[in-house]
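K.L.:
Residue-level listing of the chains:
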Amino acid sequence: MREDLQHAVKLARIELSAEEEGRLGSQLGDILKYVDKLNELDVEGVEPTAHAVPLTNVLREDEPRESLSHEAAMRNAPKTSNGLFIVPKIVE
Amino acid sequence: MPHTLTISQLTDKLAQGELSSREATQSCLDRIDAVDGQLNAFLSHDPEDALAQADAADAARTGGKSKPLLGVPIAMKDVIAVNGHPLNCASKILGDFNSPYDATVTEKLREAGAVVFGRVNMDEFAMGSSTENSAFGPARNPWDSDCIPGGSSGGSAVAVAADECIASLGSDTGGSIRQPAALCGCVGLKPTYGRVSRYGLVAFASSLDQVGPLTKDVRDAATMLGVIAGEDKRDSTNVPEPVPDYIAALTGDVKGLKIGLPKEYQVDGIDPEVKSATEAAVAELEKQGAEVKEISLPHTQYAIATYYIIATAEASANLARFEGVRYGARVDGASPEKMNRATRGAGFGEEVKRRIILGTYVLSSGYYDAYYLRAQKVRTLIRQDFLNAFKEVDLIASPTTPTPAFKIGEKVDDPLQMYLSDIFTISCNLAGLCGISIPCGFSVSGLPLGLQLLGKPFGEPDLLRAAHAYEQATDWHTKRPEIG
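Protein chains in written order, with numbering that gives the first Met the number 0: chain F, 0 to 91; chain E, 0 to 483.
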C-alpha cells in the first residue's frame with residue numbers, strides 16, 4: 000500500500016491484515032485514479048455545497064427535557080463499572 | 000393469502016372485518032418460514048412481539064379507531080432504531096446492540112397503527128449495491144436466487160417482492176431504495192432530502208441519507224410517505240415544509256406534465272432490454288398526455304466521482320463512533336488506540352473499511368482541498384444542472400439501473416465496477432431531489448426492470464402522480480416471483 004494511504008489507515012484506526020492491505024491498496028489506488036477526473040473541471044469561483052437544502056442555524060430553546068436514562072445509555076457498552084465506560088489503561 | 004395484499008387492499012379488508020391484523024401478521028410470519036431460508040431477507044424477527052402488536056391493532060379497531068396503517072405489518076431495514084430490538088446495520092461491529100429508543104420514523108409508524116416487525120438484510124452500514132456486503136450473508140433475488148437483489152436496502156426489496164411483509168422501510172444514500180426496488184420488481188421511493196426525519200437512522204453520509212418506503216404499488220408508497228414525512232425537532236436537517244395529501248395527488252391525469260430525458264444518460268453499457276423498456280414506459284406517459292423533451296445535465300459524468308468522495312468523507316466521520324467503548328463489540332488491546340484498531344479491524348467488513356480509509360484520505364491534511372473541497376464544488380455544478388433542467392420540465396425519466404440484476408459474486412472483486420452501476424440514481428442524492436423506481440417490464444430471462452422518475456425538491460406529488468398514472472396502464476407491479 001502507498002505511504003499516503005497507509006497514513007490514512009493509521010488515522011482511521013483500522014487494523015488490516017497483510018493480505019487486506021495489498022488488496023485494498025490496489026483497489027483504493029484505482030478509485031483515486033478514477034476520481035481524479037474531477038480535475039478536468041474548472042471550479043474557480045464555484046461555491047461548495049455541503050448540504051443540498053439551504054438551512055442555516057436551526058436552533059431550539061435550550062430547555063431541560065427527558066432523555067435516555069443513565070442505565071439505558073450504558074447498557075450496550077462492552078465494559079462498564081460503577082456506571083462508567085471502562086477502557087484499557089492510558090497512562091503507564 | 001393476506002401476505003400478498005397491498006396496504007390499501009389489507010386496510011380495506013381490515014375495515015370491513017373480513018380479516019384481522021393477527022391473521023395478516025401470521026400470514027407474513029408463515030411466508031417468512033416458508034421462503035426466507037432461501038432468500039435471507041430477514042436477519043431476525045420476533046413473532047410473539049409482532050402478534051401482540053397485531054392483537055393491539057385489532058382491539059383498537061374493534062374500539063372504533065381508524066388509522067392509516069392500523070394493523071399493517073411493516074418490516075424495517077436493519078439501520079433504523081426500534082426500541083428494545085437488535086440493531087446491527089448488518090455489521091459484526093455492533094455486537095449484540097439493542098436499541099434503547101425508537102427512530103422518529105418508527106414512532107410515526109406506531110402512531111399510524113403499524114405492526115413494526117422484523118429487521119431486514121442490507122449491505123453493511125448501507126454501503127453497497129448488492130446486499131453481498133452483509134455480515135450475515137447475502138440476500139437473494141426472489142426472481143432468480145443466483146442473482147443479487149440490489150442494495151443496500153436489498154432485504155427490504157426482497158421482503159416486499161416475495162410477500163414476506165406488506166411494505167418495508169429502507170434508506171437511500173445513492174440509490175439504496177430505488178436500485179433494489181428496480182431489481183426485485185417493487186416500488187421504491189426516495190423522498191427529498193429533509194422530507195423525512197433521520198433521527199434514529201444510523202448515519203452513513205449525513206448530507207445524502209434519507210429514509211423511504213419500498214411497497215407493492217405507488218398508492219402504498221404515497222400512504223407510507225404521508226405517515227413518515229414531516230417536521231422533527233430532533234433532526235436539524237429536517238425541513239419544516241407542510242406535508243401535502245399524497246393520495247390526493249394520484250389523480251391519474253398527467254396531461255401537460257413535462258418529462259425530460261437527459262441526453263447524457265445515453266451512456267455505453269446500458270442493457271438493450273433496459274433501454275427499450277424505459278423507452279416504452281416514457282411512450283406510455285406520452286400517450287397519456289405528458290410532454291416529453293430532451294434535456295441536458297452536462298456534469299453527469301462527474302457524479303460518481305463526486306459521490307464517492309463526499310459519501311466516504313462523511314462516512315469516515317460518522318463511523319468513528321464505532322470504537323469499542325460506548326456500544327457494540329470490542330476486541331481487547333493493550334492501549335485504547337490498540338483496542339480501537341483491533342475492534343475496527345475485526346468488526347468492519349471490507350467495503351466499509353475501504354470507504355472509511357478513502358474518506359479519511361480525502362479529508363486528511365494536504366488532500367482536503369484537492370479532493371473533498373473540489374467534490375463539494377462539483378456537487379454545486381451537478382445541483383445547478385438539475386435546477387436548470389427543472390425550469391423546463393417537471394420530472395426526469397431514466398432507467399433506474401443500467402442492467403437487470405447481476406449474478407452473486409460477479410462484481411465483488413471490482414468495487415469500481417460496482418460503483419459505476421449507480422450512475423442513474425446517485426445524482427438525485429447529491430442534488431437533494433426526490434426519486435422513485437417503479438416496475439416497467441422484464442428481461443427475456445425473467446428479471447424485473449425499473450423506470451426511475453426524478454422530481455424537484457419537495458415535488459413528491461408530481462412524482463407520485465406520474466408513477467401512479469403509468470402503473471394504472473400496466474400490470475408489471477402485480478407480477479410475483481415463483482419461489483422454490
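Check each hint, because a few of them may be wrong.
What the hints assert, rightly or not - Using 25 Å as the maximum straight-line C-alpha spacing, the simulated DSS-like pairs for lysine-lysine come out as follows: (1) E:Lys257 <-> E:Lys286; (2) E:Lys337 <-> F:Lys36; (3) F:Lys32 <-> E:Lys274; (4) E:Lys91 <-> E:Lys410; (5) F:Lys9 <-> E:Lys91; (6) F:Lys9 <-> E:Lys337.
If you're looking for bench data, these hints aren't it; they were derived computationally from the structure.
K.L.:
Any of the earlier hints contradicted here, and which numbers?
P.N.:
Violated hints: 2 and 3; rest satisfied.
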